[in-house]
Structures are given as structure tokens and as C-alpha cells.
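Number of protein chains: 4
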Amino acid sequence: MTLPEKTQLLSRTIEHIDITEIDVVPLVEAMRRMSFTARDLARAAEIFDRMLRDDGCGIILCLAGSLVSAGLKKVFAEMVRCRMVDAIVSNGANIVDQDFFEALGFRHYIAEERLKLGLDDGTLRELHIDRIYDTLIDEDQLRVCDEATQRIAEGLEPRPHSSREFIRAMGVFLEREHLGAGDCIVYEAYKAHVPIFCPAFSDCSAGFGLVAHQHACGDGPKVSIDSAKDFYELTQLKVKNTTTGLFMVGGGVPKNFAQDIVVAAEVLGFDVPMHKYAIQVTVADVRDGALSGSTLKEASSWGKVDTVFEQMVFSEATLAVPLIVGYAYQKGAWRDRPASRWSTLLESVREVSA
Amino acid sequence: MTLPEKTQLLSRTIEHIDITEIDVVPLVEAMRRMSFTARDLARAAEIFDRMLRDDGCGIILCLAGSLVSAGLKKVFAEMVRCRMVDAIVSNGANIVDQDFFEALGFRHYIAEERLKLGLDDGTLRELHIDRIYDTLIDEDQLRVCDEATQRIAEGLEPRPHSSREFIRAMGVFLEREHLGAGDCIVYEAYKAHVPIFCPAFSDCSAGFGLVAHQHACGDGPKVSIDSAKDFYELTQLKVKNTTTGLFMVGGGVPKNFAQDIVVAAEVLGFDVPMHKYAIQVTVADVRDGALSGSTLKEASSWGKVDTVFEQMVFSEATLAVPLIVGYAYQKGAWRDRPASRWSTLLESVREVSA
Amino acid sequence: MTLPEKTQLLSRTIEHIDITEIDVVPLVEAMRRMSFTARDLARAAEIFDRMLRDDGCGIILCLAGSLVSAGLKKVFAEMVRCRMVDAIVSNGANIVDQDFFEALGFRHYIAEERLKLGLDDGTLRELHIDRIYDTLIDEDQLRVCDEATQRIAEGLEPRPHSSREFIRAMGVFLEREHLGAGDCIVYEAYKAHVPIFCPAFSDCSAGFGLVAHQHACGDGPKVSIDSAKDFYELTQLKVKNTTTGLFMVGGGVPKNFAQDIVVAAEVLGFDVPMHKYAIQVTVADVRDGALSGSTLKEASSWGKVDTVFEQMVFSEATLAVPLIVGYAYQKGAWRDRPASRWSTLLESVREVSA
Amino acid sequence: MTLPEKTQLLSRTIEHIDITEIDVVPLVEAMRRMSFTARDLARAAEIFDRMLRDDGCGIILCLAGSLVSAGLKKVFAEMVRCRMVDAIVSNGANIVDQDFFEALGFRHYIAEERLKLGLDDGTLRELHIDRIYDTLIDEDQLRVCDEATQRIAEGLEPRPHSSREFIRAMGVFLEREHLGAGDCIVYEAYKAHVPIFCPAFSDCSAGFGLVAHQHACGDGPKVSIDSAKDFYELTQLKVKNTTTGLFMVGGGVPKNFAQDIVVAAEVLGFDVPMHKYAIQVTVADVRDGALSGSTLKEASSWGKVDTVFEQMVFSEATLAVPLIVGYAYQKGAWRDRPASRWSTLLESVREVSA
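Protein chains in written order, with numbering that gives the first Met the number 0: chain A, 0 to 353; chain B, 0 to 353; chain C, 0 to 353; chain D, 0 to 353.
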């Protein structure tokens, strides 16, 4: 068979859901007295609402999977704008390959049903189209994104940076280039001083930019990404703001990393409480013993998560996240919630002058 | 109810399966002409055997999940000893919290059935026992492990290190302390010059050690972990050894990271082929769009994995990995396979003198 | 620990969601241009809406799992009332143990979180409380339900009956006893002449009633349940109304049974088309090769389901079903859809007089 | 693309694994002290071995999914021959469409990898090839199988039969036609007087035969399949042999049906114990609340399964079943186990003369 042209394949764009326009409260409230996932979801939504009402509770949003390309970008950008989140811990893909990528003017596309099956991936390869299950990306545009991160690296002081520092520089870049309009998570977080951490930062488009940067620098001074610094910084936030809640979408490194800061604070000699709240949306199975699907009760044996207000929701994220965030948005607790501007707790004089 | 004493709970040790003692070839061959997972597993075993027979093909083992604590340590140590693997990309937990931890003289324990359910996690917390599904760990011993990594950090030159460099230093430490006997992956890899990468290295026990180190150093010079350097190093290996195969256990960052080096090599201007072989053992669902469960066909659209010899196996790892590795071990292709000593391609004079 | 009294455990009732009161159209429409489950769900909702608008298309609703006890009873009852379904194929549990059970005046209850873990099931056993994951049932009330089915059996002519005939008699019973008020699926279907089939009818509360009936009859004449007659009757409906669509919630016997009538019609010499529409909500994995998770494309190789309008939705039912049915309800195609009264096509003179 | 000819597609046959030839004991014993599925599988194997050693314990094997077509036929036939099972409860597909089908001289075939993806199902449809995930069937041969069941129906007395009676008649048919050689479950069970029940018997190839039979009989006397009689018969076996164990492969109707006989016995006024042993191999998720994935602890709240010796194994069946059965086979407890010949407890004079 002959596939259509690249422009035909990349013609229907992913559109991001706008939870401010849809009232999901009656739906979520009706789910409260049902069974199974419906009830779990309603309880998770209530716990998130409760976090927002708990004075001084810092909220850490953890993102794994391909969420931004799936149409959830506006949800997370809105959370930043509405002071519903104080820090973000994410895989690199959501932040760089998808969010920053769209800020550069690019888009994600709806794949035709037959492409999902995998038989045409050879053709996609020839056309420079990358596939995420049912979603398509122009690979040539991804290369532009890689290069932008390389340029940002070149503009930084040649020393170890946390991923948070680098992502803040991405925000500066977007402002300077007038590219932050719309619903860019990186830009909204930059403006609101919400720190974003990617503990495996080289595992994304920025990794390509950084490898190119380090390659170009040879043995000379260069920018490096210090993942230990990430961990240290996030731990400092826990020390400075001891009451915390986690909103985890997917599992993986972000889930483990954010949970671990309780232990890290202890290691540094600070007596901090476990995360007071924890909700997770995931379809990972508990039975393979991996962290992604491990229960939040299990995390309590590690001293990471308290078990009074914890809830796992067995659902793919595109279904559950708009309902949970939409519920809390409509309930409006964020209106009275002050901006925490956590980045300001971390930025040294040197950075600010950079 | 009253739980037994800590010593009672931590009395039955996890024992690592020894695939050199069990002949699984008749079983795997019988599975070849069945359906579903049996056939897929047999095909994966054959592809792994084929990788081993392919002259010059470098094999990268990717580890995610809690595999070492589950009794698979000896399998991976054997793979290193028998030249069945040329590089390892892992989450930090397998390498530091579990493998290095056991080298320090500690063990993992079988949890009673009722502990799996989560109701007793509060008591475990009080007893300083951590739980991984059906497996228990003495948390006080984990703190000793954290401290050992801190001491290792203190012994390193205060500059950015790749996780590979740090893990090599862990091997040096084990040798110096006469702790490497038995089946330690870190030590066997150190001796065989097999590099181990943990792209999210601070997301494990070493992270605690590093945070403590950096905290103690204050504004002074300190060790940092440069995840970009990890990516650069692994990419260099792909450039120097262009034919490669992946053996992935679980998904997550290791899967993505190892796949991405094909693209990274291209970004640096090298024209390298996709990974020629790829097998993955996972129970992750493809339908949430996340990388862990994404098909290897999908990876071919990204130009990362060739599709002639790829096979996914839908199974929890403790069941499938001994069969796949055991089959290839018994088939014996490793006997004629030369040691690649990939670490020597990466170690600069400075390191060697360190 | 001491569990609370039975009355305390059975105090918070499951409440059934009312999709007529909640406008989900904006939500579902926003999901149309997202990825993963959101997009699949939106497409399934549109396919269901399209079925309703297709003149002469008969719609068969297939139910597996514990859906009625989970709070979906009113959704299905509403579908019957609003002429959105022409026949139902279900496991016995939904129809007898849960729907008919509630019509007898009984309820389902919300289980406390800790009960889900299974550690207290021994105590529940002592208290005569049955558990479905997070939902509780008074076992003594279930025995009353069993007995009611025995009484219904005793009132029937001693001959082979299809499950449809028996369930119709349950409707007659409810009418006579003035028990059908509210949202009883069995009763609404009885009034609307919508046939309900349970192909494994003895695998539920009615099975207990029938065993008791047959035991009491000894060697004398007795009521029997002829599952072949079920299959014959449903096949006749396909022959008489050749354009059909399937709305499957879960998999199992109902999915297979309803798909098979296309082949059965062929076996009888009728040339009927495949099911024109098919949507399924399930979390079953495709990789175990079982029917429940098998794709609707696979069904097309069997000549059962056409592939133009088919969509699987990877979600637990309590989340997806209210959105799909709610969307179609609000779109209102049912208003112009005539009642099909399919039972009247099957009822012989003998039955009507019974 | 053009697909190859039908004969080419149907050229590589599925071969059934022979557990008597493979010693899996060292493997299973090594798994005993690992974690996750390996440990669960080893424990399930030990529980099965224990059942076999428990004097007077009746063992009921429950089969759901496509197991026979997947290459497990010989395993189950061997279990019958070696007195490792006293009754079988199955979906119809395994017994009629797959086991009886192969006894008629037909085979199952290995599908090429690309056929799994579903894109070629339209072509398969044209070629009269049916697909089960990665396995192919000649649909024309399935029609021969349907017709054979019709002929068997025609040879029976026109009255309600349990599926067990019908399947016994299938054994008689195979004997008369000299078709039972090899590893036919139906024929081995017939010879060993092991009853086989299919509680949803019309949901398979036999359903097509029965529909054709009933259609041909019109209003005259005809064979019917009484699923209540199935339930009554299996319950009688529980009453006559009160100590019982369940070996469940997959979930669905067979799991529920076999568990329910404890309650049915109580309904009839007999005080019988719960199933003393229960093991289940499944990948079904517990979180959708459906019976297939529900824990065996949950079943204890219903008074169906005791919890001292119960174990679920999270694995696709083709991997786990040969290990569990192979372990028990090699351990040899079956050698001293008497044949129970349960069918003889059920066969009335009338049947024997039929």
C-alpha cells in the first residue's frame, strides 16, 4: 500500500482539554457512592481538594508517561497558573520533547487507527515521523527542539546545573524569544517561580542537546546536569515546607524521586513528616513488584507516605486527570491559596544574575 | 494483633536462582510451537542466542523494577562473568540498594503472605523494615549502604562524574574492602570492564549518599553526577561498536535511554544503524501510551530499533528471565564470545589514576 | 482487632449514577482530539450515537463483571426505558444477584478501605457478609433472592425454558408483587419487551433456586434451563433484524455469545451481515489470548464483527460507561427511535398464556 | 500486499507440550525462595502436589481462555490419565472447538507475526481462516466440528441433558468412530469416568450443532441442554466427596461455577466444607471488580474457598501451567492416587443404556 504524504498524515492536531470550561463536579460527586474506579477517583479528587485547602501544604505534581502529547498540557499549565501546584517532578519527555516543543510552535498529531498497529512504522521512519501509540510527531521538528536545548546549554555558565536550573533557563529563553504565549507549562512555571525537576534529564530531547554541547566542548569547560543537585534541592524544599502532598500521574522515576525526599531529609538530620497526602493515577500492575504500580501503603513502610489520605486510581491518565483536576478547579480552593514561589527558595544570587 | 519480632520477620532469606545448574532447553524448545507467551518467550530466547553468536554485536542489558531483590542477582552476575553482556543500563535500585547492598553483607527477606496486603505497613515502619511487595529489607542496613556511597563520593575527585564512573568506584571500593566475593554484579562488572550506567542515579541509595556529601561540602568543591555524561558515554560506545542488541527487563528510563543512543549518535553526525536486536520482558500495558509498554515496532518509527529480530514477552521477570538467559547459557554461544571490556574504551588517563 | 457490628458494616449504600442529570457532552467532545483512552472513549460514544441513529439497527447490550452492584443499574435501566437497547445478554450476577436482588428491597454497601485488602474476609464470613472487591452484600438477603427464584421456577410449566423466558417470568413476578418500582432492569425490560439472555444462567443466584427446585422435584417433571434455546432465540432475532450493533461492557460469555449469532444464522442457512457496530469497554489484556480481551479486529476474521465502526475502550466500566451512555443520552437520538419490542418476536402463544 | 495461499498460512502446526518428558522440579524449587510470580508459582505447585497427596480430596480443574489451541492439550489429557483430576469445568471452546476438533483430525496453526496485528483479518475472513491472537484455524473444519455435534445431538434421547451427559456422548462418538487416539481430553475423560462440565455449553461449536438440531426438530421433541442440571450434578459430587481442591486456569464462568457448589450444597441442606485448596493462574486485574481477577481471599467471604492453601499466580497460562503440572507430575504423588471415576456417581441406568 502507499501511505499518504507526510502533510496528510500530520494534518489533525491534538487539542488540549480545557478543564476550566467543563463542569465535572456533578459527575465526580455521583461517582463517590459507586464502586471500583469511580469511587476511587472521586476520593482522589476530594483528597486533592483537601490538599489545596490545607494551609501551608506544598503540592508536588509528578508526571510520567506521554501526557502532554496526549492533550493534558493545558491541565497542567492551568494548575501552575491557579497555584494548584508548588513543584513539578517529571520525566524529560513531557517537559522538553512535548511542552517546550509545542512552545517552539510545533504540534502533535492524531494518528489514523491503522498506524497504531505498527505495520507502517517502517514507512513512518522514512517520512521522519515518530509515533507514540496513536499520536504522531514530525521528527525534523524534534531536531529543532534538540538544537534549542543545545543553544540554551551554550548560554549557561559551564558548571554542574540541576535540571531545575536548566529548565528555568528554558523559561528565560521562551520569554526572550516571545514564545511562551498560550499554555506552556515551562513558561507558566518560570513566571510563577514553580520549580520543575527532571531527575533523568538526559533521557529526553535535552539529552541530545547536551550531548551535542559536551561533544562540541571537548575537554574544555562545559555544562553538566547534576542529578544529585536535583535531589538536594527538592529535599531542601521538603525541609523548608514540611507539610506536603503528592499528585502522581504514572509511576517511574518521578514517583520514587518525590517520595524519597522524606528519607533524604532524614539522612540530612531533619525530622520531617511523611508526605501527608498522596494520590496516584496509574494502570501499572502491583504484581510485578516494580515501583510504578506499588501501593501507597507499601510506601508507608518506607516512611515516605502517610496512609490516612492516600488513593490510587486505576485508570489511564487522559480519562482520570481531567476529572480530578477539573473537580478541584471547580471547587475553587485555589482561589484562596497563596503562591508559594518555591523557586525563590532555591535561587542563589549567582543564578539570578545569570 | 502483635507482629513477631524484627528478627523473626527477617529470617527467611531470598536465594538467587542459579541458571547454570538447571537445564531449561527442553522446556523452552517445547514452548517454541505453542501459542501466546510461551512462543514469544521461546523466540526471545532464540534471538538472545542469536545476538551472542553475531560477531561484533554489543549487547546492552537494561534493568528496571526490583529484580535483584527478587532473586535474579546471580543471573545477571553470571551474564557478566560469561561475557553475555557488554554494558548495563539500570535503575539505581537494582545496582545500589540491592546488588551493592548485598555485597556489603546484607540480605533480602521473604515476607509472609499477610504482609503483602499492606495492613501491617505501619508496624513495619516502626520496626524499620521496608517492603517491596512480598520482600523485606532492614532499613537500618539500607542506611549503612547510603553511608558507604557517601564515603565513596568523598574519595572521588570533586568534579562531574558519570554514573558509570561512580559505579566503577563502587567496584574499586568492594575490591579494597574484600567484599566482592559471590555474585555481585557491580564487582563482576568492575573486574570484566563492563560499564554500568544508571541514568537517574540520584534516584536510589546513592542519591542519599550524594545528597549527604553535597550537603557536607557546602559551597566548596564537590562530586556531582552528570547524567549528560552518561548519555554521551553510552553514545560513544554505540559509535565505536555499531552493531548492537538490547535485552530489556522492564521498561522505564533504562529502556528509553538505551534506545535513544542511536538518535544521539546521529545528532553527533555519525551514521549508525538501529539496534539490530531487541527483546523486552514486561507486563506493562501498551494502551496507556507510556514508553514502558510501547512496542518495539513503535521504536522503529523513531529509528531506534530494527524490526527483524525484536520480541516482547508478556511476563513478570522472575518467570521469564531465568528461562531466556538459562536457554542461552546452556546453548553455550558465550564460550566463543570474546570479552569486549567496553569500559576501557571510556576510561581516560585521569580516571585510571584516580 | 474487633470489627464493627454487621449493621455498621452495612450502613453506607451504593447509589446508582443518574446520567440524565449530568451533561457529559462537553467532556466527551473535548476528549475527541486527545490521545489514548480519551480519544477511544469519545469515538466509542460517537459510534454508539451512530447506532442509535441507524434506522432499523438492533442494539444488543452485553454485560459482564459486577456492574449493577457497582452503581450502574440506573444507567442500564434508563437505556431500556429510552429505547437505547433492543436485547441484553448478561452474566447471571448482574441480572439476578444484583438487579432482581435490589428489586426485592435489598441494597449493596460501600466497604471500608481496609476490607478491600482481604484480611478480614474470615470475619465477614462469620457475619454472613459477602464481598465484591470494595462492595458488600448481606448473604442472608442473597438467600432470600435464591428462594424467590425457586418460587418462580415452581410457577413455571415443567419443561425446558430459555433463560429469557425465565427472566421474563421474573418480570411478571415483580409486577405481581408490586416490586418493580425504581430502576429495575428486569422490570423495565419486561415492560418494554426487551429480551434478556443469561447464557450461563445457572451460574448465579437463580442457579441456587433452580438446583433447589430440581432437587425437590426428584424424578418428576421439572423446569430446566435450555441454553441452546437461548442461542436459538438470539439467532432468530439476528435473522429477523439483520442490521445489528453490540455495546459490550466487559468480555466473557456475553461477548462471545452475542458475536456468535452471526455464525449461527449462517449455520441455519441465513445469509446475514456481520455486526455492523461494536464497542467494548474492558481492561482485559489482549496478550493472554482469551476472548475477553481479544480485539474486535480479530472477531472480524471469524466473520462476526465488521471493522468500520468498532472501538475498544481501555477503562474500568464505572468510569467509561456513564460517559458513553451519557453522551448518547444527551445527544438525544433515542427520542426518535421506535421501540423494537423484540420479545414479542419470540413469545409463542403458550408463553403468553403461562 | 498479497497474502500467501491458505495452505501456506496453515502450514506450521501447534505442537502440545509434553510435561512427562521435561524435568521442571529444579526450576520450580529454585523459584521457591525468589520473589513475585516465581515464588507464587512455586507455592501453587506445592499446593497442587499437596492436594494430590490428601487422601480423598477431589480435584476440580477449571479451564477458561484458549488453552488447548495454545498447546496445553497434552498437559490436561495427561492429568486425566494420571488421575490428577476428578472433574473438569471448562468453557466450551477448550472442550469442543479445540479438543474434540483435534480428535476429528484437525489442527491449530502458528500465525505469522504480522497477522497478530489485525490488519489482515479481512483477508483471513475471505480465506475462511479464524484467528485467536497468534493462532489460526481452518473455519471450514470448524463447520465439520459443528456438524459432528449436531449428529451427536440427533443420537440422544430428546430430553434435557446436562452438558456432562452430552460431552460423555462425545466420548462414545469418538470411541465408535475410532477417533480418540492420542491426547484427547474428552476421550481420556470418557474412558476414566472423569466428568466434564461446560456451564455455558451453547457458547461454542456445540452451540451451533444444537441450534441446527433444534431448528430441524421444529415443534417436535428435541435435545436440550439443562445448565441447572450441570449445577445440580456438580453439587452432588461436592456432597458425596466433601474434601475438594480447585485448580483454576483463567477465571470466568468455570471459576465461579466451581466455587459456587459449596453454597449450592448448603442451599440443599448439606453442611459441606469450603474448597480446602485453591490455586489460580490468571493475568486478570483485581481492580475492575470482576470475578475473573477477584482474589481467593474474597471468595472466602462468600464461604467458598478456605484461605490456608490458596495461591494466585500472575502469569499467562502457557508459561505457568506446564511448570505447575510438570512439578506435580515429576513429584509422582499421582502414582498412589486411586481413580475416583466420579462419572459413575452420576450416571443413571437410563444413561448407561443410552
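To be clear, the hints were calculated from the coordinates, so they are not data collected in a lab. Possibly wrong hints are sitting among the right ones.
Listed below are several chain B residues computed to face chain C (Cβ distance under 8 Å; list not exhaustive) [as the list claims (entries may be wrong)]:
no.: 1; residue: Ser34
no.: 2; residue: Thr36
no.: 3; residue: Glu111
no.: 4; residue: Arg286
no.: 5; residue: Asp305
no.: 6; residue: Val307
no.: 7; residue: Trp333
no.: 8; residue: Arg336
no.: 9; residue: Ala338
Keep in mind that this is a model prediction, so the values were computed, not measured. Virtual Cβ for every residue (Gly too), placed ideally from N, Cα, C.
Here is what the structure says about each hint:
1. Ser34: With Cβ-Cβ at 6 Å, under 8 Å, it holds.
2. Thr36: Interface hint status for Thr36 of chain B: holds (7 Å vs cutoff 8 Å).
3. Glu111: violated, 12 Å
4. Arg286: Arg286 of chain B check passes; min Cβ-Cβ to chain C is 4 Å, inside 8 Å.
5. Asp305: Hint violated; Asp305 of chain B Cβ to chain C Cβ min 22 Å, cut 8 Å.
6. Val307: Nearest chain C Cβ about 21 Å off; hint violated.
7. Trp333: violated, 30 Å
8. Arg336: Hint on Arg336 of chain B: violated, closest Cβ of chain C at ~32 Å, above 8 Å.
9. Ala338: It is violated, given that the least Cβ distance between Ala338 of chain B and chain C is near 37 Å, above 8 Å.
Hint compliance for this structure: hints 3, 5, 6, 7, 8 and 9 are broken, all remaining hints hold.
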